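Student: Protein sequence lines correspond, in order, to chains A and B.
Each residue of the first sequence is one higher than the last, beginning at 925 in our numbering.
Each residue of the second sequence is one higher than the last, beginning at 92 in our numbering.
By construction, these hints were calculated from the structure, which means they are not laboratory data.
Covered by chain B, per the in silico footprint, the following chain A stretches (three or more residues, Cβ under 8 Å):
1. 1018-1030
2. 1034-1047
3. 1113-1122
From a predicted model like this one, the values you see are computed outputs, not experimental measurements.
Built from N, CA and C at the ideal position, the CB exists for glycine as well.
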Amino acid sequence: MTTSTSPSTLAVRAESLVKVFGDNRAVDGVDLAVDAGTVYGVLGPNGAGKTTTINMLATLMRPDAGRAEIFGHDVSREPNVVRQLIGVTGQFASVDETLSATENLMIFGRLLGLTCNEAKRKAGDLLERFSLTDAARRPLKKFSGGMRRRLDLAASLLAQPPLIFLDEPTTGLDPRTRGQMWDTIRELVATGSTVLLTTQYLDEADQLADRIAVIDHGRVVAEGTADDLKASVGTSSLILRMSDPADVDDALRAIAQVLGVRGTLSPEAARITAPMSDPDRVTDLLITLREAGIHLTEMSVQKPTLDEVFLTITGRPADAAATDSASADAASEEVRA
Amino acid sequence: MSAIAPTRIDLTPITPASERRLSNRTSLRQTVENTLTMAYRGLVKIRRTPEQLVDVTVQPIIFTLMFAYIFGGAIAGNVESYLPALIPGILVQTVITTSVVTGTQLREDMDKGVFDRFRSLPIARIAPLSGALLADTLRYAIATSITFVVGFLMGYHPAGGFGAVLAAGLLVIACSWAISWIFAFFGVIARTASSVQGISMLILFPLTFLSNAYVPIDSLPAPLAWFASVNPISHLVTAVRDLANAGVIAGDFWASLLGAAVIVLVFAPLTVRAYMRKA
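Take these sequences, add in the hints, and give me the full structure.
Tutor: Next up, the structure:
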């Protein structure tokens, strides 16, 4: 049976997706809308529900509630159609350890319906493009982490799917390999692919994604472009360090008075961070501080990072969230196994 | 940026989703092709790790020698006259025991990331299982050949002739393949590979020994004799003896094939369903 696709510009549409493991609501009502031809970043700490969300979108898990469509095809009702439209590169290399790179790609190619010769040619092409030709005949046991990831991505590209899921594509990679992976992802989009990637690295989402969903405890807590998200915490932030930690309360009061915003205090070093929407007002603040006899050891202006976005949205830093939900993560890992 | 050349991908433009011919069904032809590809994967793995063939090469030699010399005198008067009864019995036991490994290896395999990829591919759901099971028939063929060869070297002369021995071997391989679906099922539902091994041996050991594989049924106490006579293993052993020793295809042959078919019809769907749910 051949189903016709209704014209749809959305590559992914998820509505109130839910997945429960025991009493852990790993994904708790996630909504996503990903435009075709874009890179969409799902950002969140460990255990936030990123992998579970991808697994449901990629037909690897059945949603407990809610629905999801890939290019208009329901993941529960038309799983095999969805599988023809996606490529999945998981967090853990999904390639065969005992086989060589060529054998891996050949087998995946044959499974995807390529003839022996087509599969061989495609495998050769991809290995060359991912600089794996030299190692093509060696068993993967001898591959480095970066090589394995590249092969994994190559395997997802065999069928040239219009949508590619990348689950933490650069976790555990060295900075150089990470940069190569980023370039690869950008080039993928240039060929017309849609990419949905998860990451715990804020700069990665910032660098690659057209739009970002911040996900925490199985819920989307913020969504927008990187700039939208940054704007939500102010255009830039002002960082002040007091020479006398006893002055911080006075300084915070002055900031509230002059800038009209609440500064955040980092307790370890008498340092205050405050959103700064109007740089002109900073002069007033500095004058106020001098008149009050509050001395500064440092003053700087920083463009907001997604770290601050995360802090502002969830009320705690991304790292703390990671340790927070480590136990929940372990639970979901167990279910996976 | 860095001086390292970026990975070049100048892939041809992607065909948009709306312009693709998509089907939610997998045809029978695709199922067969996928299964063969997965079986090829299994064979490549065997070639890469030949040490996993130890059980199908060494075990038949040791067991055949051991049982022949331990029981031969007591049961049949001497080793040579025990062989026509023993070789079919030990063949069935060895090959069926080998099929347990299919279940444990499937479990180990499924715990690896590559199975996530198989699940995300538009292939027949059964293929990763049926392919693995098909590849393992090579293991059964090796075990079968070695058992017969050891038997010949010890002085076993099957009266049925070469063709009948070949047919008997194929019967055992086919039935073991069918039985391996049972262990594949345990492999899919069990939590660890070692528990698969444990459960399977617990079932197989009594099943193979409480049969006519090593001793005549009428030498057993009444309750055991009853069990041994209804035991499907006994029927398979008798079918092999009939074929190899007399070239006869009798009721036991058909009963064995029917039993094998029933096992596949029951356990193949169960296993596939459990495998899908495991996702």
